[in-house]
Amino acid sequence: MIASVRLPVGVGFWPAAAMIVSVSITSTIGEVLTAAAMKSIGDLDLIRARSGVRGAIRAVLSCPLFFAGVSFLSLAFFALLFALNHLDLSFAAPASASLTLVTNAVAAKLFLHENVDRRRWLAAALVCVGVYLIAH
Amino acid sequence: MPHPRLKASQYLILLLVALSAPLGDSCLSRGMSAMPTISPAHPMALLAAVFTPWIAGGIGLLILFFACYLTALSWADLTYVLPTTAFGYVLIALLGRFWLQEHISAMRWAGILLITLGVGFVARGPSLTQNPGDSGELAGEERA
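So the protein sequences, as listed, match chains A and P. Here our numbering is used: the first residue of the first sequence is 1, the next is one more, and so on. Here our numbering is used: the first residue of the second sequence is 1, the next is one more, and so on.
There could be a bad hint or two in this list.
[Stated by the list, open to error] Just the calculated beta-carbon pair ranges, DEER-fashion:
(1) A:L122 / P:F98: 20 to 30 angstroms
(2) A:S71 / P:P40: 16 to 26 angstroms
(3) A:V21 / P:A34: 25 to 35 angstroms
[What the hints assert, rightly or not] Stretch by stretch, here's where chain A covers chain P in the computed footprint (C-beta under 8 angstroms, at least three residues):
(4) 23 to 31
(5) 71 to 77
(6) 84 to 90
(7) 103 to 114
(8) 118 to 130
If you're looking for bench data, these hints aren't it; they were derived computationally from the structure. No residue lacks a Cβ here, since even glycine has one placed at the ideal position from N, Cα and C.
Looking at chain P on its own, in the form it has when it is part of the complex (with noise of 0.2 angstroms):
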């Protein structure tokens, strides 16, 4: 069955997808590890933590990856948007290998390469899963 193809723009949304995830979980580990050890026992300490400014940074790139991840499942299916995240890891080492020029080892390397794979596995095939007389671009069409 012929498969739409995506867009630039798609591809725009996949790559905002990618970077401001990662960006975002690493202003909250920032954020987080300044802050006292948290129990379990004062669930209201985690609440406070939100108004600090790396923890709100990061919460508001994670609003823009979510804004950019509900328009991405909009067009394409999870298990085809999911490894885009993970493609975030591997933008995130290669800057810090060529910007901040940090050291990356071997296995990193490796995982590096494993998903890049993956990734280019996902992104040859089809996006959306089209089944017969359910089609997502017709229910569109039809609601609007």
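Chain A extracted, bound-state conformation (with noise of 0.2 angstroms):
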């Protein structure tokens, strides 16, 4: 399928995988680190109704785990970025939300716990070609 789409002139099939799937990786790690934070802190439009935006704010930035999720999110980030410059936004963009898609699902249903029904396998398995296509 990846092997199909138009490389820019210089970068090779491999080269081009390891950089989506740098990306792909540090973000699950990232999202579901921060998708755990968030769960352990509760509803911030509660917080934020009790105690105002610096009291939602003052919730999220004493979390540990939120830190541990942003480090890994800001790798993603810069792995991004790195790619990028190599290749183009259509081909890199889509190519790593799609498979990050696939891999947050296992990852949440593995350490979050949360219930990936036939629904949401099914979802994430459509919005992943669809990602895909959409690129074209």
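With the hints as a guide, bring the two chains together.
What follows is the structure, encoded as structure tokens:
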């Protein structure tokens, strides 16, 4: 599937795949950690209603898990910046986004114990293929 | 098990999540493609890129995205929020079609259809996994 994509001259299949996989792995770790952090903090809208925006920001910033998540997300961000410098946005962003959707569904089920039912698997698969197609 | 419906303000947050991420990415792309090729041997060149206008604008949009994304994650599952981010590509493509009169190929229409179907599937289901004795809302009440 990926091999049929027009890659910019000078970037081989494996280096391109390695860039996309690095973005996906770091962003999956980051998103699972961040989601776990936000679940442990509780409903931000409720917190904001009680103690204002500052209270909500304080609640987020006092959570160590959040910083672990953000570290991995910033790694993913720089991995994406690096990839965008070598690959087209129309390939790099959807390819890493669609791969990340699937790895995230697996990770959310394994580590966050989210109820990933048939509906959500189907959605992850549909959106994954859709994101890829929309890049053309 | 009955599941809580999202409020209008929560759908607004999800819309911001969907729109700000692809707009931010587009700004980053515009900024990065104008830069000379950066080799892995000079990672500091990436830091310098952060201060160019398009990249800075892209980062601003991505900060807005992140604030909305964190808020959404505090009341919805990761596997519920993530398809929303993909729906942003649909919104951007439709904006391009009807506002900028861009051509959308059959492949892209197929992609738009699949993403919309997928997001529709997830949106009709529960937004939050409710484990017995582990209600997210209760935990929030106790903490506050």
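task = Go through the numbered hints given earlier and state which of them the structure violates, listing their numbers in rising order.
result = none
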